[in-house]
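*Asks:* Protein chains in written order, with my numbering: chain Z, 1 to 498; chain B, 1001 to 1498.
No lab work stands behind these hints, which were simulated from the structure alone. Model, not experiment: these values are computed from the prediction. Certain hints may be false.
To be verified - Label pairs and their computed distance ranges (CB to CB):
| # | chain 1 | residue 1 | chain 2 | residue 2 | range |
| --- | --- | --- | --- | --- | --- |
| 1 | Z | Arg78 | B | Ala1100 | 30 to 40 angstroms |
| 2 | B | Glu1068 | Z | Ala12 | 34 to 44 angstroms |
| 3 | Z | Gly325 | B | Leu1232 | 43 to 53 angstroms |
| 4 | B | Leu1075 | Z | Gly35 | 23 to 33 angstroms |
| 5 | Z | Ala12 | B | Asp1121 | 34 to 44 angstroms |
| 6 | Z | Phe223 | B | Gly1495 | 35 to 45 angstroms |
| 7 | Z | Gly35 | B | Glu1115 | 49 to 59 angstroms |
| 8 | Z | Ala435 | B | Leu1232 | 37 to 47 angstroms |
| 9 | B | Glu1115 | Z | Pro95 | 23 to 33 angstroms |
| 10 | B | His1233 | Z | Glu206 | 55 to 65 angstroms |
| 11 | Z | Gly35 | B | Arg1187 | 39 to 49 angstroms |
| 12 | B | Arg1078 | Z | Glu206 | 29 to 39 angstroms |
| 13 | B | Ala1045 | Z | Gln72 | 51 to 61 angstroms |
Claimed, not checked - Simulated coverage check for chain B against chain Z, where a stretch passes if three residues somewhere in it have a Cβ under 8 angstroms from a Cβ of chain Z:
| # | stretch |
| --- | --- |
| 14 | 1020–1031 |
| 15 | 1152–1164 |
| 16 | 1222–1234 |
Stated by the list, open to error - Here's a subset of chain Z near chain B, in silico, CB distances under 10 angstroms, partners left out:
| # | residue |
| --- | --- |
| 17 | Gln31 |
| 18 | Pro33 |
| 19 | Ala45 |
| 20 | Ala224 |
| 21 | Arg279 |
The C-beta atom is built at its ideal place from N, Cα and C for all residues, glycine as well.
Protein chains: 2
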Amino acid sequence: MQAYATLTATFARLGALEDASGILGWDTQTQMPDGASDTRGEQLAVLSVLAHEILTDPRNAERFDAAEAEGQLGLWERANLREMRRAYAHASAVPGDLVAAASRAATRCEMIWREARRDSDFARLRPHLEEVLRLRRLVGEAKGAALGLDAYDALLDGYDPGMRRARIDPIFAELRAVLPDLVAAVRERQAAEPSPLPLPGPFPVEVQREIGLRLMRAVGFDFARGRLDVSLHPFCGGATDDVRITTRYDEASATGALMGVLHETGHALYEQGRPSAWRHQPVGQARGMSLHESQSLLVEMQACRSAEFCAFLAPTLRHAFGGEGPAWDAENLHRLYTRVEPGFIRVDADEVTYPAHILLRYRLETAMIAGDLTVADLPGAFNDGMKELLGLTVPDDRHGCLQDIHWPGGSFGYFPTYTLGALAAAQLFKAACAAHPGIRPGLAAGDFSQLRGWLQENVHARASLMETDELLIAATGQPLGAQDFLAHLRRRYLGAQG
Amino acid sequence: MQAYATLTATFARLGALEDASGILGWDTQTQMPDGASDTRGEQLAVLSVLAHEILTDPRNAERFDAAEAEGQLGLWERANLREMRRAYAHASAVPGDLVAAASRAATRCEMIWREARRDSDFARLRPHLEEVLRLRRLVGEAKGAALGLDAYDALLDGYDPGMRRARIDPIFAELRAVLPDLVAAVRERQAAEPSPLPLPGPFPVEVQREIGLRLMRAVGFDFARGRLDVSLHPFCGGATDDVRITTRYDEASATGALMGVLHETGHALYEQGRPSAWRHQPVGQARGMSLHESQSLLVEMQACRSAEFCAFLAPTLRHAFGGEGPAWDAENLHRLYTRVEPGFIRVDADEVTYPAHILLRYRLETAMIAGDLTVADLPGAFNDGMKELLGLTVPDDRHGCLQDIHWPGGSFGYFPTYTLGALAAAQLFKAACAAHPGIRPGLAAGDFSQLRGWLQENVHARASLMETDELLIAATGQPLGAQDFLAHLRRRYLGAQG
Chain Z
1 MQAYATLTAT
11 FARLGALEDA
21 SGILGWDTQT
31 QMPDGASDTR
41 GEQLAVLSVL
51 AHEILTDPRN
61 AERFDAAEAE
71 GQLGLWERAN
81 LREMRRAYAH
91 ASAVPGDLVA
101 AASRAATRCE
111 MIWREARRDS
121 DFARLRPHLE
131 EVLRLRRLVG
141 EAKGAALGLD
151 AYDALLDGYD
161 PGMRRARIDP
171 IFAELRAVLP
181 DLVAAVRERQ
191 AAEPSPLPLP
201 GPFPVEVQRE
211 IGLRLMRAVG
221 FDFARGRLDV
231 SLHPFCGGAT
241 DDVRITTRYD
251 EASATGALMG
261 VLHETGHALY
271 EQGRPSAWRH
281 QPVGQARGMS
291 LHESQSLLVE
301 MQACRSAEFC
311 AFLAPTLRHA
321 FGGEGPAWDA
331 ENLHRLYTRV
341 EPGFIRVDAD
351 EVTYPAHILL
361 RYRLETAMIA
371 GDLTVADLPG
381 AFNDGMKELL
391 GLTVPDDRHG
401 CLQDIHWPGG
411 SFGYFPTYTL
421 GALAAAQLFK
431 AACAAHPGIR
441 PGLAAGDFSQ
451 LRGWLQENVH
461 ARASLMETDE
471 LLIAATGQPL
481 GAQDFLAHLR
491 RRYLGAQG
Chain B
1001 MQAYATLTAT
1011 FARLGALEDA
1021 SGILGWDTQT
1031 QMPDGASDTR
1041 GEQLAVLSVL
1051 AHEILTDPRN
1061 AERFDAAEAE
1071 GQLGLWERAN
1081 LREMRRAYAH
1091 ASAVPGDLVA
1101 AASRAATRCE
1111 MIWREARRDS
1121 DFARLRPHLE
1131 EVLRLRRLVG
1141 EAKGAALGLD
1151 AYDALLDGYD
1161 PGMRRARIDP
1171 IFAELRAVLP
1181 DLVAAVRERQ
1191 AAEPSPLPLP
1201 GPFPVEVQRE
1211 IGLRLMRAVG
1221 FDFARGRLDV
1231 SLHPFCGGAT
1241 DDVRITTRYD
1251 EASATGALMG
1261 VLHETGHALY
1271 EQGRPSAWRH
1281 QPVGQARGMS
1291 LHESQSLLVE
1301 MQACRSAEFC
1311 AFLAPTLRHA
1321 FGGEGPAWDA
1331 ENLHRLYTRV
1341 EPGFIRVDAD
1351 EVTYPAHILL
1361 RYRLETAMIA
1371 GDLTVADLPG
1381 AFNDGMKELL
1391 GLTVPDDRHG
1401 CLQDIHWPGG
1411 SFGYFPTYTL
1421 GALAAAQLFK
1431 AACAAHPGIR
1441 PGLAAGDFSQ
1451 LRGWLQENVH
1461 ARASLMETDE
1471 LLIAATGQPL
1481 GAQDFLAHLR
1491 RRYLGAQG
């Protein structure tokens, strides 16, 4: 097992470097003084270059074959070797110069984007975004040539291993066919109900933080191996055995930070639940962004916006904030947390209208990577799509194609994972509740133990042992599909049975 | 300049790796959850191994000669090359296996030491300390063979480049000859004065922190490139343009955390004042631990325990804590901050008795490295020395040879830099005040600008351009010596003139 052992040592080193970058990344968002951004950039660049050099060492390729020839590899070891090959293929497919150029262009474009969004000035962004797109297409083509994929699938594979447009297209077509009527029906139903009462504030940050910590504990976050902090943009980051989630507080609103914390806690459970025996090996990593998003959305959308959990949460909030009156009733809280209203901003969207934002972005970014849509035509295409999919007239690009950082940052191929994650969340939650009828009643008592146990066994502990569809079939009996998500929406928002 | 340019690129990479480790080290002490210590250890070990591999690449040695042959190097470039050679010589002198073994032994011994100190159980520590000493002697001998030094000087050179026992011995002999009588005279004088009144507490942490931040600003700390945080053991760490100091608060005492903050701020000014053009190059680093300690002691001992600064600080404290009565007078505060009393614990010692703790440790560690003192004989030798130098009978090893982490952590050769720093601080402060008569009156108004300007020009901006003695001669007209320190003590504690 000489070659295999050498490979695991190499990838353990890579894992430690990635962990170091994870902590530095967390620090950048939560602690770093402004004047340190240049020196931090140098630190992260050096770590990334060193990792790239270690990963693309041509001796690794020889060792993959030698390790296979050695035989004696068990199930996990074989999967580990498969994931090593995938990482190597992605990294070695792209010439170092192109990696560096794409990274520099994205960094510059992100900076310009912050100003362009603020000023709703797409013309300012355009040449920079064109350059980012040009380089990302080259990256996609280079990876595609090595992996036997087209450029978009190659980029997608970097975020969600094994995912392909051929899998996404029919699923998204089903959502496109069903959702507009479903949104209209929900809106009609909610218009006939009493409007939810806003919770009266203010809501002191310290109290919000205390509730957040208590709920994290209830969901199962392990504070011996993680933290909660504050950042401008909430995220789940950090390192192995050191999972750090963030939120931001608004004294005028009690509900935003809280659901943010629960969302990131879902991500964190996945990271904390990865098998410790494989912690620094590729097979020990989370499977991909769709499954990762499924874990955050399962906790936030499936479990914590349920009527059951609202029955637990409402008295908790009432007591913590000293609230009085009907706004603090569980029914009102549930209405607040399940309000459906088409809007311009993706990150503010409810779970029923959210997929429309993704369908649009997926349509546009596949066209851009294929060369069928130019950056110059992007604002018009974006606005046409918002009209078609959500019936909204975009007032300016700040509320349109300038709202997200993904494209300026070069993340083409990332958007679909949000909605694929929502579908997987519905599928997994349904299977978990079927296996453990006590899960839903548990939520009403703030008890997540059965749900967590099922997720641990069926998702977290499996890490990257299986491909996403294999894992979903093992856990739910079905590959990824829209049926459970749509049934969930009909049940929660239209009162359908079952 | 091909070879020189390649070397600067290599050392810039090393500088970024060191900075990354600096931030991770800060995080370990201030943020990291307990359960992450293993994974953090792996991160730091990988960064350190990678840095060692990059530094000891044999091609570097060829490039040193090639760079010199290229000519055209200016003053700073030549000094940079000299420091590169020094770093390479230290790192390549020791076989990788020995580096790793010494590091592992020290890590284990530090852990055992925490329990042994708590239980005052030297027997428990002894075998581990023997192993650490054995390996550090091997390291010293290996470095010594490469550098043409004996083992102790080779270890010392790692903390304070260019420092040698031959320089230290006569200076310490002078202190040994003078200090016992001086301590006795100070004690007699203070016994005849009114005892200082303790400041009545409690002192809320938030108020202490606010005062600390205000004083840091006054001294000149740049918060755009640094932070103040809390840790069990105060330190100055972080990275280039990201200097992070820590303190710990005690609600029962207003004075400890404050002087700790001022001490670390002195270290921080040095780090923040290094020349940005050389920030990631060896010549751009601080000169060594003696000069580093001189900067912290200059701010804390020379400037901030002066009667002038106490005149500024007393009303600040009185106002912040809402204090009333004579305890808050400047004279009383000055008496509190200049109280002399021999004690067992080095880190609690005043500036008059502190050198005795260092003379003892220097005597013992030189003997241990030379093989003239065994670990088994250490407690007895330590206690004999405390009796001889400070007239104290050590009650148990917790108050004796178990109090410091340095030897368990393998830091033989570090202790003398504390007292060498105190001497340099007195020398530099005297020269600064002679150059700018406004410095002392400035302290009475909380104005450090002239002092900071002089330090910036004469110490910080020079980084590692000169050897320590060269720098002191350029700044003060004298190489390192005890005369200004002793004159300072006689002036402050015995009322001597001048």
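*Asks:* Now tell me if each hint is right for this structure.
*Replies:* Hint-by-hint comparison with the structure:
1. For the pair Arg78 of chain Z and Ala1100 of chain B, the beta carbons lie near 32 angstroms from each other, so the given range of 30 to 40 angstroms is met.
2. Taking 34 to 44 angstroms as the suggested C-beta distance range, the pair Glu1068 of chain B and Ala12 of chain Z conforms, at roughly 40 angstroms.
3. Between Gly325 of chain Z and Leu1232 of chain B the C-beta distance comes to about 47 angstroms, which sits within the given range of 43 to 53 angstroms.
4. Remark: the range hint 23 to 33 angstroms for Leu1075 of chain B to Gly35 of chain Z is upheld by a beta-carbon distance near 28 angstroms.
5. Distance hint for Ala12 of chain Z and Asp1121 of chain B: a CB-CB separation of about 36 angstroms, consistent with the stated range 34 to 44 angstroms.
6. For the hinted restraint 35 to 45 angstroms between Phe223 of chain Z and Gly1495 of chain B, the CB-CB distance of approximately 56 angstroms leaves it violated.
7. Separation of Gly35 of chain Z from Glu1115 of chain B is about 41 angstroms and departs from the stated range, judged on CB atoms against 49 to 59 angstroms.
8. Ala435 of chain Z and Leu1232 of chain B have their C-beta atoms about 46 angstroms apart, which keeps the hinted 37 to 47 angstroms range intact.
9. Restraint check, Glu1115 of chain B to Pro95 of chain Z: a C-beta distance of roughly 54 angstroms breaks the suggested window 23 to 33 angstroms.
10. For His1233 of chain B and Glu206 of chain Z, the hinted distance range of 55 to 65 angstroms is not satisfied, since their beta carbons lie about 28 angstroms from each other.
11. Under the hint 39 to 49 angstroms, the C-beta atoms of Gly35 of chain Z and Arg1187 of chain B, about 47 angstroms apart, fit the expected range.
12. At roughly 57 angstroms, the beta-carbon separation of Arg1078 of chain B and Glu206 of chain Z lies outside the given 29 to 39 angstroms, and the hint is violated.
13. The hinted range of 51 to 61 angstroms is not satisfied by Ala1045 of chain B and Gln72 of chain Z, whose Cβ atoms lie roughly 29 angstroms apart.
14. Coverage of the stretch 1020–1031 of chain B by chain Z holds in this model, with 5 residues showing a Cβ closer than 8 angstroms to a Cβ of that chain against a need of three.
15. Counting residues of the stretch 1152–1164 of chain B whose CB lies closer than 8 angstroms to any CB of chain Z gives 0, so the stated coverage by that chain is violated, three being the minimum.
16. For the stretch 1222–1234 of chain B, the proposed coverage by chain Z is satisfied: 6 residues have a C-beta within less than 8 angstroms of a C-beta in that chain, meeting the threshold of three.
17. The closest approach between the C-beta of Gln31 of chain Z and any C-beta of chain B is roughly 7 angstroms, which is under the 10 angstroms cut-off, so the hint is satisfied.
18. With a least beta-carbon distance of about 6 angstroms to chain B, the hint placing Pro33 of chain Z at the interface is held under the 10 angstroms criterion.
19. For Ala45 of chain Z, the shortest C-beta to C-beta distance to chain B is roughly 8 angstroms, which falls under 10 angstroms, so the interface hint holds.
20. Satisfaction of the interface hint for Ala224 of chain Z is found here, the shortest Cβ-Cβ separation to chain B being roughly 4 angstroms, below the 10 angstroms cut-off.
21. For Arg279 of chain Z, the shortest C-beta to C-beta distance to chain B is roughly 7 angstroms, which falls under 10 angstroms, so the interface hint holds.
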